[in-house]
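Can you make the complete structure from the sequences, with help from the hints?
Take 2 as the starting number for the sequence shown in our numbering and just add one per residue.
In short, the hints are calculated from the structure, not lab data. Computed from a prediction, not measured in an experiment: that's the story for all the values here. Among the hints, erroneous ones may be present.
As the list claims (entries may be wrong) - Straight line, CA to CA, 20 Å or less: simulated EDC-like cross-link-like pairs of lysine to aspartate or glutamate:
| hint | residue 1 | residue 2 |
| --- | --- | --- |
| 1 | Lys120 | Asp413 |
| 2 | Lys167 | Glu207 |
| 3 | Lys347 | Glu321 |
| 4 | Lys3 | Asp103 |
| 5 | Lys287 | Glu213 |
| 6 | Lys343 | Glu374 |
| 7 | Lys236 | Glu247 |
| 8 | Lys121 | Glu91 |
| 9 | Lys303 | Glu181 |
| 10 | Lys167 | Asp145 |
Stated by the list, open to error - Have a look at the derived ranges for each label pair, beta carbon to beta carbon:
| hint | residue 1 | residue 2 | range |
| --- | --- | --- | --- |
| 11 | Lys412 | Ala113 | 22 to 28 Å |
| 12 | Gln257 | Ala99 | 33 to 39 Å |
| 13 | Arg241 | Ile401 | 45 to 51 Å |
| 14 | Arg165 | Lys412 | 43 to 49 Å |
| 15 | Ala113 | Arg165 | 17 to 23 Å |
| 16 | Gln166 | Ala251 | 37 to 43 Å |
| 17 | His187 | Arg405 | 35 to 41 Å |
| 18 | Phe211 | Ala12 | 24 to 30 Å |
Built from N, CA and C at the ideal position, the CB exists for glycine as well.
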Amino acid sequence: MKIFWVGNTHADALAKLFAEETSKDQKDLSYRELKARVDASYTNYFATGWCKALQEIGYETENVVVNADFLQKLWLAENSVHRNDLSLEEILLLQIKAYCPDILFADDCCSASFVQQVKKEVASVRLIIGWAGSAVAKERARQDLWGLVDVILCCAPESVSYLRQKGANAVHMNHAFPSEILSVLHKNVGKCSGVSFIGSIVRGKEYHLFREKLLLGLLDVLPLDIYSPSATYKKKDFLRAVLAGELYDAIHFFPQWSRDTIFSRIPVLNKVCAWEERPRLPVNYKLYKQMRSPVYGIEMFKALLCSNVVLNIHADSSPEFASNMRLYEATGVGACLLTDNKKNMKELFMPDKEVVVYDSLEDCVEKATWLNEHPKERQRIAEAGTRRCLREHTYKNRAIEFDRIVKKSLKDRA
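Below is the structure:
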């Protein structure tokens, strides 16, 4: 069977990668050559990890990075489509038609209207599979999409229950580790972080408000290095947020009836009236001052490997179950993982033997301090975590599960 895997990757990572490739005569590279360099950077390992593992059990696979604008337009040129007015989704549709897949994996970057178009225009597609992260699963803008895909895979059990309540055919699937990256990483790198946290800090409901609170509590008592996309915000972003907050306060000084009858009719102010809460700064400024630039792909895995302790904090949308990518990224490369305790942790890793878990800010500080001060014990836990990850949590393991889901879904639709 043929699978066409659709996904996005971090825009900042792509911009950096293409800037580097420009200095290496990027203009002389073919689509395949440039795509291979993107894949080799591990910035989109979610797609390449799955595709490689599925190839090993007999699938034919192809994957695209939809938001890699330069790469997608290079594909157009090589396929003699001489148009500059096509959207990225229109280019994607041409690629799917050219590949004629049996299965389309439509990540959450696809729109509902696009999936409907694929169903109408690509006769070869027999099954459409989607993916939802824990917070993304509950976004209102995605609800139509979840109802259109045949199967929606989700890493978070909480979100699986939510999606099923909404009528979607949701199936739980854990994230995984791309074990082939171990041959790329240099094991002789020195430790550069006492405790590291790598990830986003989005100030919104269902995202990272607890994460922000915990990091603020840790900042003054631990040697903490934070690598986050939030470090890329500029002064103008903070200024814009401050002005938006003041405008919100000014409008909400007036009674509700005046907002409904007067301000709601004025352009711009009508949008302010619709805001459900006061705009926040894009990131807590105390955290912002301590942040390092974000790391992606191989650089991210090296930063994990270079840490005595890797701190993991799940999103607010995962209050009960451990489910994020960091569980496997950290243990897979050989770092000691300190993660928030969840009720399914024993199913994934043995607490305090393969990973270390914490139940509160105070517990987190105490255990991080102890791990920093006991390198032999820390190393023993890290090595045990790696063994478990490479035994049970690689894409090779997940591909077997994926294959079962595919075969069952096709049988049910027959």
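Worksheet item: Tell me, which hint numbers fail for this structure?
Response: 6, 12, 14
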